[in-house]
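Asker: Each protein sequence line maps, in turn, to chains W and R. The first sequence runs 1 to 391 under my numbering. The second sequence runs 1 to 459 under my numbering.
Simulated from the structure, these hints should not be mistaken for lab results. We put the CB at the ideal spot given by N, CA and C, even for glycine. One thing to keep in mind: the hints can contain errors.
For lysine-lysine, the following DSSO-like pairs were computed, each having C-alpha atoms within a straight-line distance of at most 27 Å [to be verified]:
| hint | chain 1 | residue 1 | chain 2 | residue 2 |
| --- | --- | --- | --- | --- |
| 1 | R | K338 | R | K262 |
| 2 | R | K171 | R | K74 |
| 3 | R | K171 | R | K29 |
| 4 | W | K55 | R | K449 |
| 5 | W | K83 | R | K449 |
| 6 | R | K27 | R | K138 |
| 7 | R | K301 | R | K338 |
| 8 | R | K428 | W | K17 |
| 9 | R | K171 | R | K27 |
| 10 | R | K174 | R | K73 |
| 11 | W | K17 | R | K174 |
| 12 | R | K342 | R | K301 |
| 13 | R | K29 | W | K17 |
| 14 | R | K449 | W | K117 |
| 15 | R | K298 | R | K338 |
| 16 | W | K386 | W | K344 |
| 17 | W | K284 | W | K344 |
| 18 | W | K144 | W | K182 |
Some chain W residues near chain R, calculated using beta-carbon distances under 7 Å [stated by the list, open to error]:
| hint | residue |
| --- | --- |
| 19 | M19 |
| 20 | Y22 |
| 21 | F26 |
| 22 | L30 |
| 23 | L64 |
| 24 | T70 |
| 25 | L73 |
| 26 | E74 |
| 27 | A78 |
| 28 | F81 |
| 29 | R84 |
| 30 | L87 |
| 31 | L98 |
| 32 | R100 |
| 33 | E102 |
Computed footprint of chain W on chain R; a stretch qualifies when at least three of its residues, placed anywhere within it, have a C-beta under 8 Å from a C-beta of chain W [said to hold, decoys possible]:
| hint | stretch |
| --- | --- |
| 34 | 42–53 |
| 35 | 179–185 |
| 36 | 387–396 |
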Amino acid sequence: MELQEKMSQDETGGKSKFMLWYGVLFILCLTLLTILHLAAPDRSFSETEKRVLAKAPAFSAEALAQGRFTDELETYLADQFPKREALMQLRMRLEYLLGRRESQGVYYGDGDYLMEKFNTPGMEIMGRTATAVRGFLQRHPESKAYFVLVPTQADLMAEKLPSYAENADQDAYIDSWYSALKNEAVSIDVREAMRSAMAEGVQVYYRSDHHWTADGALSVLDTVEDAMGLAHRSFERAVVFNRFSGSLSAKSGWSLPVYDSIVMYTSSDPDFRYYIQEEESGEKFLSCYDAKALSGYDPYEFYFGGNYPMLTVETSADTERTLLVFKDSYANSFLPFLFEDYRKIVIIDPRYYSYSADTLFLLDQFDDILFLYNAETLAEDTSLRKVMEPL
Amino acid sequence: MVFSSLVFLFLFLPLSVLFYFIAPGLKAKNAILLVFSLVFYAWGEPVYIFLMIFSILMNYALGRLMEEEPDKKKRTLIFAVAVNLLVLGFYKYYGFLLTSLNDWWGTNFYVHKIPLPIGISFYTFQAMSYIIDLYRGKFKAQQSLLDFGLYISMYFQLIAGPIVRYQDVEKQLKEREISAARLGRGMAIFLFGLGKKVLIANTTGELFDAVQAMGAQVSTATAWLGAAAYMLQIYFDFSGYSDMAIGLAYAFGFDFPVNFNKPYLSRSLTEFWRRWHISLGTWFREYVYIPLGGNRVKSKKQIRNILIVWALTGLWHGAAWSFMIWGLYHGVILMAEKYLFKKKALPAVPGHILTLLIVCVGWVFFSANSLADAGVTLRAMAGFARGGLADHTALSLLAAHGAWLLAGILCCLPQADRLKNAMIERNKVALVAATLAILGLSIAFLVTKNYNPFLYFRF
Chain W
1 MELQEKMSQD
11 ETGGKSKFML
21 WYGVLFILCL
31 TLLTILHLAA
41 PDRSFSETEK
51 RVLAKAPAFS
61 AEALAQGRFT
71 DELETYLADQ
81 FPKREALMQL
91 RMRLEYLLGR
101 RESQGVYYGD
111 GDYLMEKFNT
121 PGMEIMGRTA
131 TAVRGFLQRH
141 PESKAYFVLV
151 PTQADLMAEK
161 LPSYAENADQ
171 DAYIDSWYSA
181 LKNEAVSIDV
191 REAMRSAMAE
201 GVQVYYRSDH
211 HWTADGALSV
221 LDTVEDAMGL
231 AHRSFERAVV
241 FNRFSGSLSA
251 KSGWSLPVYD
261 SIVMYTSSDP
271 DFRYYIQEEE
281 SGEKFLSCYD
291 AKALSGYDPY
301 EFYFGGNYPM
311 LTVETSADTE
321 RTLLVFKDSY
331 ANSFLPFLFE
341 DYRKIVIIDP
351 RYYSYSADTL
361 FLLDQFDDIL
371 FLYNAETLAE
381 DTSLRKVMEP
391 L
Chain R
1 MVFSSLVFLF
11 LFLPLSVLFY
21 FIAPGLKAKN
31 AILLVFSLVF
41 YAWGEPVYIF
51 LMIFSILMNY
61 ALGRLMEEEP
71 DKKKRTLIFA
81 VAVNLLVLGF
91 YKYYGFLLTS
101 LNDWWGTNFY
111 VHKIPLPIGI
121 SFYTFQAMSY
131 IIDLYRGKFK
141 AQQSLLDFGL
151 YISMYFQLIA
161 GPIVRYQDVE
171 KQLKEREISA
181 ARLGRGMAIF
191 LFGLGKKVLI
201 ANTTGELFDA
211 VQAMGAQVST
221 ATAWLGAAAY
231 MLQIYFDFSG
241 YSDMAIGLAY
251 AFGFDFPVNF
261 NKPYLSRSLT
271 EFWRRWHISL
281 GTWFREYVYI
291 PLGGNRVKSK
301 KQIRNILIVW
311 ALTGLWHGAA
321 WSFMIWGLYH
331 GVILMAEKYL
341 FKKKALPAVP
351 GHILTLLIVC
361 VGWVFFSANS
371 LADAGVTLRA
381 MAGFARGGLA
391 DHTALSLLAA
401 HGAWLLAGIL
411 CCLPQADRLK
421 NAMIERNKVA
431 LVAATLAILG
441 LSIAFLVTKN
451 YNPFLYFRF
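Please put together the full structure from these sequences, using the hints given.
Answerer: Below you can see the structure in the form of structure tokens.
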């Protein structure tokens, strides 16, 4: 009642002149934004969200009756709103100032590092996968097996996480894998190598993406070469892209004040040659680096052009040694470092490969088998088990 | 359509203001407003719009019939009330009734899922207030179908109240001040309501949803956080909507009664219900409690009446047992205040704290998906939580959402209300600054509500 009384007292006097303008300007302001919205051409793709944006919905009586038209119109207005990205950052930065450090399972760590939360892994899933891997390796004793499980940011950079962050023990998870496979595979623990690289100032992880950097991958090369009995090599480094904003940025909604860089390492031997065959299409590539990806929706696809079910690399290396790899996308920036050590490398990404890996041994034999995963992917993965099962 | 949507803010609102102010004469303005109101309703309910039109036509015709045939007045009233209640009952309580029968007596009725028509509880109650007060002779029947249709369907209050009694707007339908100054003040009231809904209710709602999604795994601290978040969410959501409705109505020349008057400052539950959803309390008092005999009957009957009113109030909020329990819970405590502690009002601080606790526990019933869930939450709040007394999750949630909780709490204080009124009354610079901030942030929050990254990165 109070408000109403005040309202009616106030009809006269100087204030209502201001109120007159206030109301008109309020409505004009909304109208102006609508006109800006309608006048601006629609965008088809959002770089930050990496998705196709909604188009103006087509009107039909049926769509209207089902409520589809009205929902789609609201989505269209939101998707195509002028300065949508800037408004998103306004919101995310405001919430950051108010203390928010978590969004969609991504933490905003100290020093502008985004890190994915490591959820408590399902040990039952792990047990079943480990059993399948052991069985597979026991069926192929002629090959020597190596197992690399790379920790994610949330492990090695845990001190940058907010103090209350929920973060399961990744080290324990990695250790339990190593002990589960201790009889069948050589476990290569890369954590120390990565830690000392970090201590030397190497950026081993992207700030805005969940992968390790190529520099991070290089930091473990010596350790891997020693374990696998390979010669130490050096590579030429070149920064190919310095405006990379990755998956964690897209997922959380936080754009970082600094961009990441994408780095390419190439052989220092000018005579070394290789080609890669994508087995599904039979397409051949002369480089494992895909420059087109740098302008695409996921610049990390620069490495190998993304993930394929099966790739075969044939090299000019002066050796008969062959390698079979089971991997996730972390391996994409690492594997080029091994090209000069093998005549042939078969790379299987179990997430897309739907056969038993035993089939590969019908035609080929492999001196070495390498498993290269990051802990986060493996903790949620069920595809490796299927590939490891017998024919 | 809802007020806190982009379609409303950027298309519907400017267009309805434009057409309304251009239209010459009150009759044309009423017609424009009716058309926009029907579009507003049809936007969300393209099919049930016909149900609302039926309700308008029926109540209009029965109202006129009552006046033209005074000797059949009572019969017409009973018929009108019965049909209104049947329609409401069918669309709102049919599924609930059959499910309960199946649960209790082992019957095996097939329960069709009938989606609830938006706002049916509100407009049916408005129609009934018209019919009942007409019977009581408080006013003459509305002769203009246009004006009657406008009363029922006026888009400001159509989907979330306040429940405006016909007697409150009867005169304004025929005569009211329409001016740019009223538009300005109305928009200012609307703006603060929008901020309440988008900035505080939606953000505290996110926290509540996060806690609810954890189910039985919560710690005591987390359960309390969730309860506090819901307490703020429901108040800012509901009262924000009411403020937006009151502001819009004001802009178009109507004076709606205040619906929420700082309820969380109450020192007793009795006071709380004088401040919370005032138009609903008024409705139940006028059309249920007083006709049952009100305070003028013996206390035994009074107790029965109070229980009836509160069971109905509970059910009005939703067709589920948890709502009825919520209503009866309030009814029982109100009776205790009325009969047991009649003159023993608590001192200020314990009074405030106890009232907030009572209301907060009530909201647990209100917000839970089932009575069993409410039990789990209450047990957790009482210290018997599976997740222990406190955990990292609670801290994590508090860090992520605490600022909005705090903002919500501050906005419940009388100082916030005074500040808002001062801005609307005198402080032009502060009002312009607040407008830019609230509107800008609200748009940012609405536009990014569907922030929906394509999560390619696992593959």
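Asker: Run every hint past the structure and note whether it holds.
Answerer: Verification of the supplied hints:
no.: 1; hint: R:K338 with R:K262; in the structure: 22 Å, holds
no.: 2; hint: R:K171 with R:K74; in the structure: 26 Å, holds
no.: 3; hint: R:K171 with R:K29; in the structure: 15 Å, holds
no.: 4; hint: W:K55 with R:K449; in the structure: 17 Å, holds
no.: 5; hint: W:K83 with R:K449; in the structure: 15 Å, holds
no.: 6; hint: R:K27 with R:K138; in the structure: 24 Å, holds
no.: 7; hint: R:K301 with R:K338; in the structure: 14 Å, holds
no.: 8; hint: R:K428 with W:K17; in the structure: 11 Å, holds
no.: 9; hint: R:K171 with R:K27; in the structure: 14 Å, holds
no.: 10; hint: R:K174 with R:K73; in the structure: 26 Å, holds
no.: 11; hint: W:K17 with R:K174; in the structure: 26 Å, holds
no.: 12; hint: R:K342 with R:K301; in the structure: 18 Å, holds
no.: 13; hint: R:K29 with W:K17; in the structure: 23 Å, holds
no.: 14; hint: R:K449 with W:K117; in the structure: 22 Å, holds
no.: 15; hint: R:K298 with R:K338; in the structure: 14 Å, holds
no.: 16; hint: W:K386 with W:K344; in the structure: 24 Å, holds
no.: 17; hint: W:K284 with W:K344; in the structure: 14 Å, holds
no.: 18; hint: W:K144 with W:K182; in the structure: 13 Å, holds
no.: 19; hint: M19; in the structure: 3 Å, holds
no.: 20; hint: Y22; in the structure: 4 Å, holds
no.: 21; hint: F26; in the structure: 4 Å, holds
no.: 22; hint: L30; in the structure: 5 Å, holds
no.: 23; hint: L64; in the structure: 6 Å, holds
no.: 24; hint: T70; in the structure: 5 Å, holds
no.: 25; hint: L73; in the structure: 6 Å, holds
no.: 26; hint: E74; in the structure: 5 Å, holds
no.: 27; hint: A78; in the structure: 5 Å, holds
no.: 28; hint: F81; in the structure: 4 Å, holds
no.: 29; hint: R84; in the structure: 6 Å, holds
no.: 30; hint: L87; in the structure: 4 Å, holds
no.: 31; hint: L98; in the structure: 3 Å, holds
no.: 32; hint: R100; in the structure: 5 Å, holds
no.: 33; hint: E102; in the structure: 5 Å, holds
no.: 34; hint: 42–53; in the structure: holds (count 4)
no.: 35; hint: 179–185; in the structure: holds (count 7)
no.: 36; hint: 387–396; in the structure: holds (count 4)
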